[in-house]
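A.B. asks: Residues per chain, in single letters:
2 protein chains.
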Amino acid sequence: MMPLTRAAILAVGSELLTPTRTDTNSLFITEQLNLLGIDVVFKSVIGDDRRELEHGVRSGLARVDLLVCCGGLGPTDDDLTRVVVADVLGRSLVEDESITARIQARFQGRGLSMPEINRRQAMVPVGAEIIANPNGTAPGLWIEEGEQVIVLLPGPPRELKPMVRALVSGLLRARAGGEPVVRRVIRITGRSESHTDEALQPLYGEWARASVPIAATILASLGQIELHLSAHADSRAQAEVALNLATDRVLAVLGAVVYSTDGRGLEDVVGGLLADRRLTIAAAESCTGGLIMSRLTDVPGSSRYVERGVVVYSNRSKTELLGVPEEVIASHGAVSEPVAIAMAEGIRSRSGVDIGVGVTGIAGPDGGTAEKPVGTVVIAVASPSGSQVRTFRFVGGREMVKFQASQAALDMVRRMLQDPGTPREM
Amino acid sequence: MMPLTRAAILAVGSELLTPTRTDTNSLFITEQLNLLGIDVVFKSVIGDDRRELEHGVRSGLARVDLLVCCGGLGPTDDDLTRVVVADVLGRSLVEDESITARIQARFQGRGLSMPEINRRQAMVPVGAEIIANPNGTAPGLWIEEGEQVIVLLPGPPRELKPMVRALVSGLLRARAGGEPVVRRVIRITGRSESHTDEALQPLYGEWARASVPIAATILASLGQIELHLSAHADSRAQAEVALNLATDRVLAVLGAVVYSTDGRGLEDVVGGLLADRRLTIAAAESCTGGLIMSRLTDVPGSSRYVERGVVVYSNRSKTELLGVPEEVIASHGAVSEPVAIAMAEGIRSRSGVDIGVGVTGIAGPDGGTAEKPVGTVVIAVASPSGSQVRTFRFVGGREMVKFQASQAALDMVRRMLQDPGTPREM
Chain W
219 MMPLTRAAIL AVGSELLTPT RTDTNSLFIT EQLNLLGIDV VFKSVIGDDR RELEHGVRSG
279 LARVDLLVCC GGLGPTDDDL TRVVVADVLG RSLVEDESIT ARIQARFQGR GLSMPEINRR
339 QAMVPVGAEI IANPNGTAPG LWIEEGEQVI VLLPGPPREL KPMVRALVSG LLRARAGGEP
399 VVRRVIRITG RSESHTDEAL QPLYGEWARA SVPIAATILA SLGQIELHLS AHADSRAQAE
459 VALNLATDRV LAVLGAVVYS TDGRGLEDVV GGLLADRRLT IAAAESCTGG LIMSRLTDVP
519 GSSRYVERGV VVYSNRSKTE LLGVPEEVIA SHGAVSEPVA IAMAEGIRSR SGVDIGVGVT
579 GIAGPDGGTA EKPVGTVVIA VASPSGSQVR TFRFVGGREM VKFQASQAAL DMVRRMLQDP
639 GTPREM
Chain E
219 MMPLTRAAIL AVGSELLTPT RTDTNSLFIT EQLNLLGIDV VFKSVIGDDR RELEHGVRSG
279 LARVDLLVCC GGLGPTDDDL TRVVVADVLG RSLVEDESIT ARIQARFQGR GLSMPEINRR
339 QAMVPVGAEI IANPNGTAPG LWIEEGEQVI VLLPGPPREL KPMVRALVSG LLRARAGGEP
399 VVRRVIRITG RSESHTDEAL QPLYGEWARA SVPIAATILA SLGQIELHLS AHADSRAQAE
459 VALNLATDRV LAVLGAVVYS TDGRGLEDVV GGLLADRRLT IAAAESCTGG LIMSRLTDVP
519 GSSRYVERGV VVYSNRSKTE LLGVPEEVIA SHGAVSEPVA IAMAEGIRSR SGVDIGVGVT
579 GIAGPDGGTA EKPVGTVVIA VASPSGSQVR TFRFVGGREM VKFQASQAAL DMVRRMLQDP
639 GTPREM
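Protein chains in written order, with our numbering: chain W, 219 to 644; chain E, 219 to 644.
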C-alpha cells in the first residue's frame, strides 16, 4: 500500500465555533504526524450539524489519504461523528460488546450503573479497529477504506493525546513512509525581531540549499523571540544532526542573545545556572510586582536557590525592607539607577544571598512623565564582584511592561552568570 | 436581497498548519459577526497552496452566504488569495491606482521607495470594493457575487481587527438581518464544575424555553469556572435585558461563589473592593512565590492599595521578615495553620496595612509527605477584626497548584471584604 503522506484534521463541536473556544488538539496532532513525515494539508472546525459534518468528511476524503476527526464521540444526540462517517462510507453500525463491557466496568468502578445512552459509544462501523481510550468512555476508531485511513478520536485533550501517541508508535507508524519533520525552538531576548531576522538572512539561504533542508520561522512578541527550525530528512537521526549544525550556526551569528536552544524558558535557564554554580538569589521588585520571583519559583526545585523576595510598592517599604535611604529616593526619584542599585544591594546584604536583583519602573498606564515615560524601568543586579545597572524603555501595556522587565532582569542575571569571569560559589 | 446569516471563515497561510501557530483571528471575527446575527457555520485553515485554496473557496461558496478569507494578501508569490478568488469568480484582476498611490505614500513616509513587488497588492478583482487598512499596505476587499459576499482581509490581527470593526458598523451591517447574539461571561471559583453544573440544571431548561432563549456553556479549568451565556434576540437591547435577568438567576442559585458577572478577573474584583473601601493590602507568600502580588499589581492603579509583599521561601526569611517564631515552625512545620496565621499577621503588623495575607504550601513535584501531600496549601487572611485560616488540597502540577492557591487566597480576601460585617476604612 502507498504510505500515508497527506492528512486533514476535522475538529467537531459547535462550541468550537463560538468566540471563546478554539481547536488546539490539531497542534499536537500536527506535531505527531509531522514526526512520521505526514503533512497536514488543511484543518476544519465543524459544528454538531449532520449536513456540515457530512460535507466535511466527504471533502476530506476527496483530498487526503489520512482524515483525523476529533470530537463528537460522546453519548448524546449531538454526537454525530460515528454515524456520519459510517453513512459516508456506506457501512452499518454494530455494537461492539467488548466496548460496552468496558464502559460498564468504568461506571461500576465508581459505584454507578451505565446509563443506557452510553451504549451508543459502543456502536462502531463494520470493519473498524478500536483505539483504546485509557482516560474516558469513548474509544477511538481506525477505519481503513481502500488506501485511505480515517481516525476518530474523542475531543478532550487528556483523552486524545495518549491515543495519538499510541497511534504514532503503532498503527500509524506502520502506514507512514514520508520523510520525518523534526522541529527545534531557539529562544532569544534582548534583540529586536528585525535585527535578528536580518542577521539570520544568510543562514536562511544556506539552509534552503542544504542536502537536509531546514525551514525557519520567527515568532516574536514583546521581550521574546522564538526561532522555529524544522528539518525534513530521511531519518529522524539525520534531521537531528542537521538541526544541531544549524543551531551552532545561529549561536555563532547571534551570540549571547540566544538563551535557550531546547525550548526552555528563561527562568528555567537561570535556575539551572544558579543550581550548577550553587548560588542563591533574592529579588526586590517594584514595578514587576512579584513577577520575577513568581517566574523563578515556577521551576521545580527552585527552593534550592531562591531564598526570598520582596515587593516594595511603596517608598516606605523600600526604606524599611531594603534600607534604601529616603534622601536617595527624594533626590533621584523612586525610578532611578541609584535606587535600583540600593534595592539590589539591600536585598543581597539583608538576605545573605549571592545575587540580588532590584527593579523599579513605571508600568503604566499612569505615572509617566516627559523625562521618565511609562515603560521606563531600571534594573540592577548585585553580586560579590559588584553591581550592574541598566535603564530600559519598554513599549506596550502594563502587563507587557511587567513581562519585558522580568525578561530583562532574568537575562541580566543569566549573562552575568554565563560570563566566564564570574566565580562559582561566590 | 436576502440578509446574510451563514458565514464561513478561511484562514490562509502555511504557518497556520504547523504545530506552533493557530488561527485566532476567527474568534474575533465570530464575535463580531454574531453581534449582527450572522452564524459561523465552519472554519478552515488552508496553506499557501493554490489547489487547496481554490477548493476551500469553492466549497465555502457552496455552503454559506458570507465567506471571510484572512491572510494571503501580501506582496510575494506565496500570497495567493486575491488571484484564487478572482479565478473562482471568473473575474480579471486590474490595478487600482488609488491603492498603488497609497502604498507608495506609505513607503515614502518612511523615506523609502515602494518595491515593485508591492504593486501586486493593488491588483483587485473587477467590481470589488476596497476596505481601507489603516495599519498596513494590503487593503481588504468586499466582493459581491449575486446574493453572496466574499470579504478578503489581511492576516495580522493589528490590521484585521479595525477593518472588521469598520465592516460591522458599515457594509456588513447593511447586509445583515439576523437576530443578534449577545454574550456574557460569569466567573466562579471555589466550587467544582459538576456541582456548578448540577445547581444550574433547572436554569438551562428555563432559558431554553424563554421568549429570548439563552444558551449556556461551562468552561472549567483548575481554580476557575466560566459560565458563558449567549442570548438570541430581535435587538441587542432585548438580549441585554434577558442576560441581566439570567445573571440574577445565576447569582440567586450559586450565591457568593460568583465573583464576577462582567468578565473581570479576580485580582481586578479584589482591587476594586479594596479601592472602594480605601483599604490597603500586603501579602507574605511562600509556595505561590510572588504570584498573588504579581496578579494584584497587574491591575492599573493598584499602587493605591498594594503596599508591599514578601516572598519567604526559606524558613529563615519567614522569621526575619515576618517574625514567625522559629519554634512555631519547628513544632508545626512550615506548612501549617499556625505558620500561615503568623505570616498573615506578621506582614499586616510590620507593614501597617489593613489586610495581611499569608500563604504556605507544597507546590511540588517534590516535598510532599503522607500527611501533607503535594498540593497542600494553607492560607490565612488577617484583618482588624481577626484572622481566618483554611487548609486546601489542590491537584495538578506545580504551576496549577500555584494558580489555584492564588485564586483561593484572593477569593478569601474578596469574601471577607464583601461580608457586610466588614467595616470600611478598617
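Keep in mind that the hints are not guaranteed to be accurate.
Heads up, simulated DSBU-like pairs for lysine-lysine below, C-alpha to C-alpha not over 35 Å straight-line [to be verified]:
#1 W/Lys379 - E/Lys379
#2 W/Lys590 - E/Lys379
#3 E/Lys590 - W/Lys590
Partner residues are not named here, just some residues of chain E that face chain W (Cβ under 10 Å, in silico) [claimed, not checked]:
#4 Arg239
#5 Gln250
#6 Ala384
#7 Val529
Over the 12 Å line for every Cβ pair with chain E, so calculated as not near, a few chain W residues [unchecked claim]:
#8 Ser244
#9 Glu313
#10 Arg427
#11 Val459
#12 Val529
#13 Val571
Simulated from the structure, these hints should not be mistaken for laboratory data. No residue lacks a Cβ here, since even glycine has one placed at the ideal position from N, Cα and C.
A.B. asks: Each hint: holds or not?
C.D. replies: Here is how each hint holds up against the structure:
1. W/Lys379 - E/Lys379: The hint holds at about 33 Å.
2. W/Lys590 - E/Lys379: holds, 31 Å
3. E/Lys590 - W/Lys590: With Cα atoms ~48 Å apart, lysine 590 of chain E and lysine 590 of chain W exceed 35 Å; violated.
4. Arg239: Constraint on arginine 239 of chain E satisfied, holds at 7 Å.
5. Gln250: At 8 Å from the nearest chain W Cβ, glutamine 250 of chain E passes the 10 Å test, so the hint holds.
6. Ala384: violated, 19 Å
7. Val529: Holds, because the Cβ-Cβ distance from valine 529 of chain E to chain W comes to roughly 4 Å (cut-off 10 Å).
8. Ser244: Answer for serine 244 of chain W: violated, closest chain E Cβ roughly 7 Å.
9. Glu313: At about 28 Å from chain E, glutamate 313 of chain W clears the 12 Å cut-off, so the statement holds.
10. Arg427: holds, 18 Å
11. Val459: Given that every Cβ of chain E is farther than 12 Å from that of valine 459 of chain W, nearest at about 21 Å, it holds.
12. Val529: Per Cβ check, valine 529 of chain W is inside 12 Å of chain E; nearest 4 Å; violated.
13. Val571: With a cut-off of 12 Å, valine 571 of chain W comes too close to chain E, as the shortest Cβ separation is near 10 Å.
Hints 3, 6, 8, 12, 13, counting from the list given before, are not met by this structure.
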